[in-house]
Amino acid sequence: MLPKADFQSWLKELSGQFDIFGPKENGKGSVDWQRLEGGELPDLAPGVPKGSIKTFFFPQPETLLEFSARPKQEDAFRLKEPKETDNPRLLVGVRPCDARSVVLNSMPYEQDPYFQRRRQSVVLVGFACSQGCSTCFCTWTGGSPVGTEGLDLMVFVLEEGLYVESVTEKGERLLEGASTQRQPNDSELQAVQKIRQSAPSGLPEAMEPAPRLKEKDLMALYNAPFWQELSDSCINCGTCTFLCPTCYCFDIQDETLKGKGRRIRYWDSCMFPLFTLHASGHNPRGEKVKRVRNRFMHKLKYFPERFGPLSCVGCGRCVRDCPVNIDIRQVMKELLAI
Amino acid sequence: MNPYLPYPARIDDIVVETEDGNLKTFRLVLENEEERSRWNHVPGQFAMLSIAGKGEIPIGIASSPTEKGHLLFTVNRAGVVTTALHKMNVGDPIGVRGPLGNGFPVDTELRGKNIVIIAGGFAFTTLRATLIYMLENRKDYGKITVVYGARTPGMLLYKDELKAWQERDDLDVHITVDREAPGWTGLVGFVPTIAGQVKPSPENGAALICGPPIMIKFTMPPLEEVGWTDDQVYLSLENRMKCGLGVCGHCNVGPVYVCKDGPVFTRAQVQKLPVEF
Numbered sequence: 023m024l025p026k027a028d029f030q031s032w033l034k035e036l037s038g039q040f041d042i043f044g045p046k047e048n049g050k051g052s053v054d055w056q057r058l059e060g061g062e063l064p065d066l067a068p069g070v071p072k073g074s075i076k077t078f079f080f081p082q083p084e085t086l087l088e089f090s091a092r093p094k095q096e097d098a099f100r101l102k103e104p105k106e107t108d109n110p111r112l113l114v115g116v117r118p119c120d121a122r123s124v125v126l127n128s129m130p131y132e133q134d135p136y137f138q139r140r141r142q143s144v145v146l147v148g149f150a151c152s153q154g155c156s157t158c159f160c161t162w163t164g165g166s167p168v169g170t171e172g173l174d175l176m177v178f179v180l181e182e183g184l185y186v187e188s189v190t191e192k193g194e195r196l197l198e199g200a201s202t203q204r205q206p207n208d209s210e211l212q213a214v215q216k217i218r219q220s221a222p223s224g225l226p227e228a229m230e231p232a233p234r235l236k237e238k239d240l241m242a243l244y245n246a247p248f249w250q251e252l253s254d255s256c257i258n259c260g261t262c263t264f265l266c267p268t269c270y271c272f273d274i275q276d277e278t279l280k281g282k283g284r285r286i287r288y289w290d291s292c293m294f295p296l297f298t299l300h301a302s303g304h305n306p307r308g309e310k311v312k313r314v315r316n317r318f319m320h321k322l323k324y325f326p327e328r329f330g331p332l333s334c335v336g337c338g339r340c341v342r343d344c345p346v347n348i349d350i351r352q353v354m355k356e357l358l359a360i
Numbered sequence: 011m012n013p014y015l016p017y018p019a020r021i022d023d024i025v026v027e028t029e030d031g032n033l034k035t036f037r038l039v040l041e042n043e044e045e046r047s048r049w050n051h052v053p054g055q056f057a058m059l060s061i062a063g064k065g066e067i068p069i070g071i072a073s074s075p076t077e078k079g080h081l082l083f084t085v086n087r088a089g090v091v092t093t094a095l096h097k098m099n100v101g102d103p104i105g106v107r108g109p110l111g112n113g114f115p116v117d118t119e120l121r122g123k124n125i126v127i128i129a130g131g132f133a134f135t136t137l138r139a140t141l142i143y144m145l146e147n148r149k150d151y152g153k154i155t156v157v158y159g160a161r162t163p164g165m166l167l168y169k170d171e172l173k174a175w176q177e178r179d180d181l182d183v184h185i186t187v188d189r190e191a192p193g194w195t196g197l198v199g200f201v202p203t204i205a206g207q208v209k210p211s212p213e214n215g216a217a218l219i220c221g222p223p224i225m226i227k228f229t230m231p232p233l234e235e236v237g238w239t240d241d242q243v244y245l246s247l248e249n250r251m252k253c254g255l256g257v258c259g260h261c262n263v264g265p266v267y268v269c270k271d272g273p274v275f276t277r278a279q280v281q282k283l284p285v286e287f
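Which chain is which? The protein sequence lines are A and B, in order. Be aware that the first sequence starts at 23, since it is given in the working numbering, and climbs by one per residue. Be aware that the second sequence starts at 11, since it is given in the working numbering, and climbs by one per residue.
The reader is advised that the hints may include incorrect statements.
[As the list claims (entries may be wrong)] Subject to a maximum C-alpha distance of 35 Å in a straight line, what follows is the list of computed DSBU-like cross-link-like pairs (lysine-lysine):
1) A:K72 to B:K270
2) B:K34 to A:K94
3) B:K282 to A:K355
4) A:K282 to B:K64
5) B:K64 to A:K310
6) A:K310 to B:K282
7) B:K97 to A:K282
8) A:K105 to B:K97
9) B:K270 to A:K310
10) A:K312 to B:K282
11) A:K236 to B:K227
12) B:K78 to A:K94
13) B:K270 to A:K105
14) A:K310 to B:K227
15) A:K312 to B:K64
16) A:K280 to B:K34
17) B:K282 to A:K236
[Claimed, not checked] If the Cβ cut is set under 8 Å, some of the chain B residues that face chain A in the computed set are:
18) L15
19) P16
20) A62
21) G63
22) G65
23) G89
24) G105
25) P109
26) N249
27) R250
28) G264
The set of hints was computed from the structure by calculation and includes no laboratory data. In this text, a Cβ means the ideal position worked out from N, Cα and C, and glycines have one as well.
The following block holds chain A by itself, in its conformation from the complex (with noise of 0.2 Å):
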């Protein structure tokens, strides 16, 4: 356990060793990730902060390779890594979808190098819900509210202070450092377990379709009629894409300036109509339907069958940010019902 004020001076101890990044206000009326200096705790609103954690996992850009563009030189033209520049980061005011769509996300990019190390190197301090809002349904993915999957630490928020506990060994040793904490009394431990219990019921009609849209045919949900009056109001505007923790597609370009050249990678989405494009002029997903069922059947139903897992972790950004109100919810619904 330790009172708020004693949290605040680890945390400013701790931001010696790590660049500490969390949720605050952004002076644009939105809480999204920010750098946070000598202490200052999170905002925690319930809920999701604007933008997902997926930044600081695979950023963008990110340089992949680095390469001298001055013709004279010996090495022109010749790709190289890049040096390692970061700082190592601490992310505080994680919530556990946020946290769980890092694990999701690892699976693709197992053999990625540039994310993994980011993996190691940044450590998770994740923040439990203790109520949830309207958008938001990570039990429907497999996650939950108090859920630990890829945190190095969780606290919970009491009224008498933050009761912290470690559930990597990376965490533990970080929470060794917090030399005034004390441990938690009695009815501290029972309030710690009310939320535990109580804090998954509290989101609406819980259900699970991983399981059961396992079971469907792939062509039957493929081509289902829904699909396009769905994607009817769709203007591939990209907002999902862009705040969704486990949309993970990017792009890959080469640029010059000065002499110096680099190959940059950036998130792409499926939504553009250029996604797909040939250079012959070919495009497969050309029509506006196909792109719209193609995010959804990759989320919920080709990810799962290689992975296992839904990818997405219902944290309910795209149902709060798209423009035109389109709902996972609702395609997981009429998928279901196939």
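Take the given structure of chain A and dock chain B to it, following the hints.
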């Protein structure tokens, strides 16, 4: 091990294959001796050719793994990177990432079979790799039949090698062009038509078909007529690629990634996929 880091290589030779100049075969040599001797690929696999400052392109490996010391890539000039590549000279630096993809099952399912290779236009590249591999391991395969066609005689690839193959008695080669052309004394007719005339027997057969979708569409009926089934037919799909590793999301056809689970699929597998390629 960084799968995004290409092996440094140099262009060793450039051959203009077609009369319009749009297809060139590049012979590349990997610079590091260790990487050069360690390289091994399966016919049908591809590699990402990397031009620093321009980007990468997925190109089928046209040389067989038995052709040691160098790699051949026949590249069509189509977009930004291929145009830059076509402007390059012998001695210029280039990167190679690979081998990628699954290749034809030359050492497993295709062993002992009667092989029918059907190709149109410049889709013949990885089938050259396959054919040479099979000729180097001739006793591992049964009858080998080749039907290869292009729009005009000038658009045929590997013209010298085609002549040599036609003279072998352990190969049944049919080269065709779409229309009559001055000086051409060979077959005339679209590839599907010639395939229909050759009528290769499906008995213990495997057909490797590469070409534009329309060619494949019209080649299937004459084969089906003589009894070929979908699991005997192997296709090589193409799609827009970026990472080549099954991660970036550009090349997926439904649940499969053409770069990682393919590019070779049986027709039976393709029939179960959404038509998004």
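Query raised in the report: Is it true that the CA of K270 (chain B) sits at most 35 Å from the CA of K105 (chain A)?
Result: It holds: about 29 Å lies between the C-alpha atoms, which stays within 35 Å.
Query raised in the report: Are K280 (chain A) and K34 (chain B) close enough, with their CA atoms no more than 35 Å apart?
Result: holds (31 Å)
Requested in this report: Starting from K312 (chain A), check that the Cα of K64 (chain B) is at most 35 Å away, please.
Outcome: Roughly 30 Å separates the two Cα atoms, so the pair holds.
Query raised in the report: Holds or violated: K282 (chain A) with K64 (chain B), Cα cutoff 35 Å?
Result: holds (13 Å)
Report task. Could you grab the alpha-carbon distance between K236 (chain A) and K227 (chain B) and see if it respects the 35 Å cut-off? Result -> Roughly 32 Å separates the two Cα atoms, so the pair holds.
Query - K34 (chain B) paired with K94 (chain A) [C-alpha distance capped at 35 Å] - result: holds (27 Å)
Query - Satisfaction of the P109 (chain B) interface hint, Cβ to chain A closer than 8 Å - result: violated (15 Å)
Requested in this report: With a cut-off of 35 Å on the C-alpha distance, tell me whether K282 (chain B) and K355 (chain A) pass.
Outcome: holds (24 Å)
Report task. Grab the minimum C-beta distance from N249 (chain B) to chain A and call the hint holds if it beats 8 Å, violated otherwise. Result -> Where the cut-off is 8 Å and the nearest Cβ of chain A is about 7 Å from N249 (chain B), the hint holds.
**Report entry** 35 Å limit on alpha-carbon distance, applied to hinted pair K310 (chain A) and K282 (chain B)
**Finding:** The given pair, whose Cα atoms are some 22 Å apart, holds under the 35 Å limit.
Query raised in the report: Given G63 (chain B) was flagged as interface, is its beta-carbon under 8 Å from a beta-carbon of chain A?
Result: This interface hint holds because 5 Å falls under the 8 Å limit.
Requested in this report: Assess, step by step, whether the Cα of K72 (chain A) is no farther than 35 Å from the Cα of K270 (chain B), and give holds or violated.
Outcome: holds (34 Å)
The structure is inconsistent with hint 25 alone, although it conforms to all the rest.
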